[in-house]
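Chain by chain, the residues run as shown.
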Amino acid sequence: MKSVGHSIPKIDGLMIATGKPVYTEDLAMSNALVVKILRSPHAFAKIISIDISRAEKLEGVECILTYKDVPKERFTLAGQSYPEPSPYDRLILDEIVRYVGDEVAIIAAVDEKTALLAMKKIKVAYEVWEPVLDFEQALAHASVVHPEDDLHCNFDIGLQKKQNIASSYKEEVGDLEEEFKRCSVVVEDVYYPQAQAHAMMETYRAFTYLDHTGRLVAVSSTQVPFHIRRQLARALLLPASKVRVVKPRIGGGFGGKQTGSGEVFAGIVTLKTGKPAIIIYDRKETFTCTTSRHAMRLKVRIGADQEGIIRAIDIQVLSDTGAYGEHAPTVLSCVGHYTLPLYNKTRAVRFTGNAVYTNKMPAGAFRGYGATQGTFALESTVNKLAAELGMDPTEVRLKNISKEGETFLTGQGVLLGSSSLDRCIEKGKELIGWKDKFPCRKMGNNKVRAVGMAITMQGSGIANIGTASVELRLNDDGYFTLLAGATDMGTGCDTILTQMAAEILDVPMENIVFNAGDTDTSPYDPGSYASSTTYVAGTAIVKAAEELKQKILEQGAKFLGVSTQDVEMGGLAVRTFRGEEISLAKLAELTVLGTGKLQLVSSATHGSEISPPPYVAGFAEVEVDQETGKVELIDYVAVVDCGTMINPNLARIQAEGGIAQGIGMALYEEVNYTELGKMATNSFMQYKIPCRKDVGKVRIAFEESFEPSGPFGAKSIGEVVANTPPPAIVHAVCNAVGVRINHLPVTPEKVFLEMQKL
Amino acid sequence: MQITLTLNDKLVTWDVDKDEFLADTLRSHGLLSVKKACETSCCGLCTVWLEGKSILSCTVLSVRVHGKKITTIEGVSREAEEFARVLTAEGSEQCGFCSPGFIMNVLAMKNELINPSEEEIIHYLTGNLCRCTGYMGQLRAVKTYLGVAQV
Amino acid sequence: MFSLNDLVQPEELETAYQILTDKRNNTILGGCAFLKMGSKRIGTAVDLSNLKLSYINETDGYIEIGSMTSLRELETHPLLKESFNGVLPKSVRNIIGVQFRNCVTVGASVYAKYGFSDLITALLVLDTEVELFKGGRMPLVDFLKRPKGKDILVKLWIKLDNCIATYLNLKNSASDYSVLNVAVSKLDERWTIVVGARPRRAAIATNASAALAKGTQSAAEIEDAAQKTAEELSFGTNMRGTAVYRKALCKVLVKRAIMEVLRCKSH
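Protein chains in written order, with my numbering: chain Z, 1 to 758; chain B, 1 to 151; chain H, 1 to 267.
Simulated from the structure, these hints should not be mistaken for lab results.
We put the CB at the ideal spot given by N, CA and C, even for glycine.
Take these hints with a grain of salt, some might be off.
What the hints assert, rightly or not - Computed far set for chain H versus chain Z, every beta-carbon distance over 10 Å:
#1 25
#2 135
#3 149
#4 159
#5 234
#6 241
#7 265
Said to hold, decoys possible - Cross-link-like lysine to any residue pairs, in silico, SDA-like; alpha carbons within 20 Å at most:
#8 Z/586 x Z/598
#9 B/53 x H/50
#10 Z/447 x H/171
#11 Z/299 x Z/388
#12 H/251 x H/215
#13 Z/693 x H/215
#14 B/36 x Z/681
#15 Z/121 x Z/50
#16 Z/597 x Z/583
#17 Z/551 x Z/561
#18 B/53 x H/77
#19 B/110 x B/120
#20 H/36 x B/24
#21 H/251 x Z/609
#22 Z/46 x Z/111
#23 Z/20 x B/89
#24 Z/242 x Z/212
#25 H/150 x H/139
#26 Z/20 x B/30
#27 H/134 x H/145
#28 Z/630 x Z/750
#29 Z/113 x H/139
#30 B/110 x H/73
#31 Z/750 x H/247
#32 B/18 x Z/111
#33 Z/284 x B/24
#34 B/36 x Z/248
#35 B/53 x H/2
#36 Z/20 x B/36
#37 Z/399 x Z/347
#38 Z/693 x H/171
#39 Z/120 x H/2
Just need the whole structure built from these sequences, with the hints factored in.
Set out below in structure tokens:
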């Protein structure tokens, strides 16, 4: 293949790397009003009075809005397909504030200094209520985070507001207790994966303006332009046709920008003033007033027979969704969806859980989306099982994993179309040196080295819900325009989608102009999440490119005076087998003139009934200082099955980046609150994402499988790569010094104190 | 207050507030390659050169660069593009937001260190945070660019 | 964000001092990294950039370090790399990054007496004096004990003797603040043990140091000195670690630092 399978540099790479002004802030008009938000200092309170009179008088202040000035329609900020599973529990500004940082007033002024000065002059009196801060106390807590009567769910997600339950979930197959009774070995444990901050380098920002027809345009650093359009329309009481959302280059998202943030505040300012408005969340607001990963408590029980075949799995989840319920039901269900199918010799499985409201910053979508937390808990328990059985943990996996062509207990009969997970495990063992290093080796000088491992899966798109549409057009100059709704957040999907089209049309990449991220012109796409773009949008591209190719052949045959069977396409021309040809450029020119009267276009929408899982086998080698508890990551190996790699370099970078985030979750990152519910980790000084010394050596290998339902055999890679480090590293530490750290992150102090208890 | 400085080899005179930081001054004068990504001098994205040395433009008051030489990536575009091509050939620019500051620090390192070891490279570049790539691709690109053997 | 009414860049120390002491809310500008994160209301900010205080010189058996010297200059200067087993570069080299260290100054780091400071810990095991414009020259340990007052730190003086020193710390991640930092030095028969980031700032364990010096530094005596240090000094709890852990860590790091000094000595 000429394009697919090649490590082609990203089409936007050179421009963004050298700092060209193509991000949201760079594009804003210089006279846009600066929007700032006055935020609640209390975790749970009701606004008794709010006096903006002194602030309004300040010169340069254009408007100040409070809860009295905004529509009363509740909505969700979750970027999900309609009807969204997330509860509609938000107002633009609410009389009740539900976490430290919750919005109280919107201030728009001619510049930042004026806006901040005005903010200081706003007087607010609060009736402070007892906040729900501990998610393990939420169910029984006297305070109800969402007492309002107009809470709305599009369908039943198990919301029980009086118990602070945003969503509950239950799935059970087989007779669990009966199966456990039959098992020779039963192990269980409780795990606390922490809330994690996305910490994308470009903070949240958007600017809005009214265009020449009076429509509201929002240019936003978002992963989900179409969902933002719907949110803005609903929240601002506009028809969707009066809203346009544009997504330029984005500086990272990782799921954070799958939830709306400042767009609605800038939007309402533009509607009220008629003027452009820009809102830029600073790093502190990005840490404290957006979303994080769901912190969870997971109780996992696994039963196996004497040979190590896992027969029963029980997972019980409590998920902390914070003050608002974005992504609560779906992250919760993904904990089980993206873990239980790993092992298909089970005879009974049960997955139950509650997502509870608390008075903290909301949790939302974060790469892995429940699979990360579930993988940590399940894989750590399987490792515990292996130890109990005295079996090599890799052997336990190889005995139990679902294989290609098989189904699994909760799979409803769907067969696995592709899997090289067994080869991933074998390859990973080899690369890390498992045979010589498992379980541990004493290095002398109070240092011990050990290895640990874990496997994981994810999905590729959302079956039966996610679709992607694309349009292809042959332009009069012989080059193509590819219109897609897919949103590149730096990952490079603009590039790989172009690669796929180029492959089918047999043209160089430069002959295709990729245009995306504008709800006025782009065909519908949910956006960059659920690891869908390669698999779902990619297949739409394949369909549309095949269709256009067919039309080109038909038109070319017509111009050459032969039938369609007698022509082929290649070398930028349509030619007969006798060698007569018409160049694409000439063909295109003729089709838009009177001779042809038919500009050639094609379109396709694709959605899949299945979500074929990608897999990763992750292996960690650590060195633990037995006197201090310090864990040094010596080596990390991840072997990936993402089906076919469309662009090997970009696939590798996704893997390395995902592993690094997983390493951060395992060893360095933690969202922390004070006893009053104020977030303490509100800067890079306090919240430590890994720097390059922290990541150390990461080695990625691929074991390509071929997914028949995927474009060129591809599945997905975006999320699955984030999940293995926490369980693999915790396993390695346990093998080194005999302590199991179930509360993430693993810190030297935790290791040290646990060692003292031995 | 008025300051005069040599910006990318051109003499310029600007009006700045006394409490204004260089990153904001540069951006307001069209040097949009300079990015702000934290408020705590931690991330390195705002890296420019002061007299040829890497500094955090978010942490240096503009009044302090009066009479000094400031270089942004716009001022070393040939060398920047040369390294950027290597970076993008690895696919390791990803979202690109940290890239300009990273490239400025890489070029500063090239000017300061002779035949750096891998450890020295990692040490020099530690102040440039990246959330997308996991740093491995950046290291491969730097090694290729410096002609250091890949291990 | 801090705010200021005026900013001056005097070219004479006397002028700088006059302006500084003229009003209560007049302040010296250091590297601005921490000033930036606070919300101080400054009257006139006094910038020392034009006072030519950025230098590292060998003068009459001392190392003279001007207060506007950057941490990066401290890290890379050959004289400091060669002296005292390179303890000063070692203490600052892992602070955030090269760009950051090019922006922050020795004077600001010392004058602010930060608890988390790695540099102060290392300076305390050497024969270090500070020179204040008004207050004159005094040992660093005395400066640290002084109550808050307005003055300008002009330079540091470090005696160029045969002191062998080591610096160790433990951090939760590579560019974070230390959970604890330790420095140990030996000059002739005299040992100095210093522990910082407790989280309170560096302090000399005088009793433990004296006890260590009395003996032969056998393995048992080293353990004993480390234990004494942990008992002599106080430790606290913050986001980075608990008092219990810091105390335990102190024993381990002090022991290791002493052993490292002994290893250097024998070369």
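For each hint, the structure was consulted:
Every CB of chain Z lies more than 10 Å from the CB of residue 25 of chain H, the least distance being 19 Å, so the non-interface label holds. With a least beta-carbon separation of about 31 Å from chain Z, residue 135 of chain H lies farther than 10 Å from that chain, consistent with its non-interface assignment. Against chain Z, the non-interface label of residue 149 of chain H holds: every CB pair exceeds 10 Å, the least being about 28 Å. The claim that residue 159 of chain H is not at the interface with chain Z holds, since no C-beta of that chain comes within 10 Å of its own (minimum 33 Å).
Every CB of chain Z lies more than 10 Å from the CB of residue 234 of chain H, the least distance being 18 Å, so the non-interface label holds. Residue placement check: residue 241 of chain H does not keep its beta carbon more than 10 Å from all beta carbons of chain Z (closest about 5 Å). Residue-level check passed: residue 265 of chain H sits 20 Å from the nearest beta carbon of chain Z, beyond 10 Å. As the CA atoms of residue 586 of chain Z and residue 598 of chain Z are separated by approximately 14 Å, the hinted pair is consistent with the 20 Å bound.
For the hint linking residue 53 of chain B to residue 50 of chain H, the alpha-carbon distance of about 18 Å falls within 20 Å, and the restraint holds. Proximity of residue 447 of chain Z to residue 171 of chain H is assessed by CA-CA distance (about 17 Å); at most 20 Å being required, the pair is judged to hold. Using a Cα cut-off of 20 Å, the hinted pair residue 299 of chain Z and residue 388 of chain Z holds, with the two alpha carbons roughly 18 Å apart. For the hint linking residue 251 of chain H to residue 215 of chain H, the alpha-carbon distance of about 18 Å falls within 20 Å, and the restraint holds.
Simply put, residue 693 of chain Z and residue 215 of chain H have alpha-carbon atoms about 40 Å apart, too far for the 20 Å limit, and the pair is violated. Using a Cα cut-off of 20 Å, the hinted pair residue 36 of chain B and residue 681 of chain Z holds, with the two alpha carbons roughly 19 Å apart. Only pairs whose Cα atoms come within 20 Å are accepted, and residue 121 of chain Z paired with residue 50 of chain Z is accepted, the gap being roughly 11 Å. For the hint linking residue 597 of chain Z to residue 583 of chain Z, the alpha-carbon distance of about 18 Å falls within 20 Å, and the restraint holds.
Distance restraint check for residue 551 of chain Z and residue 561 of chain Z: the Cα-Cα separation of roughly 15 Å lies within the 20 Å cut-off, and the hinted pair is therefore satisfied. The straight-line distance between the Cα atoms of residue 53 of chain B and residue 77 of chain H is roughly 15 Å, inside the 20 Å bound, and the hint therefore holds. For a cut-off of 20 Å, the pair hint linking residue 110 of chain B to residue 120 of chain B stands: about 11 Å separates their Cα positions. Under the criterion of a C-alpha separation no larger than 20 Å, the hint pairing residue 36 of chain H with residue 24 of chain B is consistent with the structure, at around 13 Å.
Restraint check for residue 251 of chain H and residue 609 of chain Z: the C-alpha separation of about 61 Å exceeds 20 Å, so the hint is violated. Between residue 46 of chain Z and residue 111 of chain Z the alpha-carbon distance is near 30 Å, which puts this suggested pair outside the 20 Å criterion. Among the hinted pairs, residue 20 of chain Z with residue 89 of chain B is consistent with the structure: their alpha-carbon atoms are about 18 Å apart, no more than 20 Å. For the suggested pair residue 242 of chain Z and residue 212 of chain Z, the alpha carbons sit about 12 Å apart, so the restraint of at most 20 Å is met.
About 18 Å separates the Cα atoms of residue 150 of chain H and residue 139 of chain H, which keeps this hinted pair within 20 Å; it holds. Between residue 20 of chain Z and residue 30 of chain B the alpha-carbon distance is near 11 Å, which keeps this suggested pair within the 20 Å criterion. Distance check on the hinted pair: residue 134 of chain H and residue 145 of chain H sit about 17 Å apart at the alpha-carbon level, within 20 Å; holds. At most 20 Å may separate the alpha-carbon atoms for a hinted pair to count; residue 630 of chain Z and residue 750 of chain Z meet this at roughly 9 Å.
For the proposed pair residue 113 of chain Z and residue 139 of chain H, the alpha carbon gap of about 44 Å is over 20 Å, so the pair is violated. For the hint pairing residue 110 of chain B with residue 73 of chain H, the CA-to-CA distance comes to about 18 Å; that is within 20 Å, so the pair holds. Taking the CA atoms of residue 750 of chain Z and residue 247 of chain H, the gap is near 14 Å; set against the 20 Å cutoff, the hint holds. Between residue 18 of chain B and residue 111 of chain Z, the direct Cα distance comes to roughly 17 Å. Compliance with the 20 Å bound is thereby established for this hinted pair.
Note on residue 284 of chain Z and residue 24 of chain B: the hinted pairing holds, with a Cα-Cα distance of about 18 Å set against a maximum of 20 Å. Only pairs whose Cα atoms come within 20 Å are accepted, and residue 36 of chain B paired with residue 248 of chain Z is accepted, the gap being roughly 18 Å. The straight-line distance between the Cα atoms of residue 53 of chain B and residue 2 of chain H is roughly 26 Å, outside the 20 Å bound, and the hint therefore fails. A hinted pair counts as satisfied when its Cα atoms are at most 20 Å apart, and residue 20 of chain Z with residue 36 of chain B qualifies at roughly 15 Å.
For the hint pairing residue 399 of chain Z with residue 347 of chain Z, the CA-to-CA distance comes to about 15 Å; that is within 20 Å, so the pair holds. Using a Cα cut-off of 20 Å, the hinted pair residue 693 of chain Z and residue 171 of chain H holds, with the two alpha carbons roughly 12 Å apart. A C-alpha spacing of about 15 Å is found between residue 120 of chain Z and residue 2 of chain H, which places the hinted pair at or below 20 Å, so the restraint holds.
In summary, the numbered hints that this structure violates are 6, 13, 21, 22, 29 and 35.
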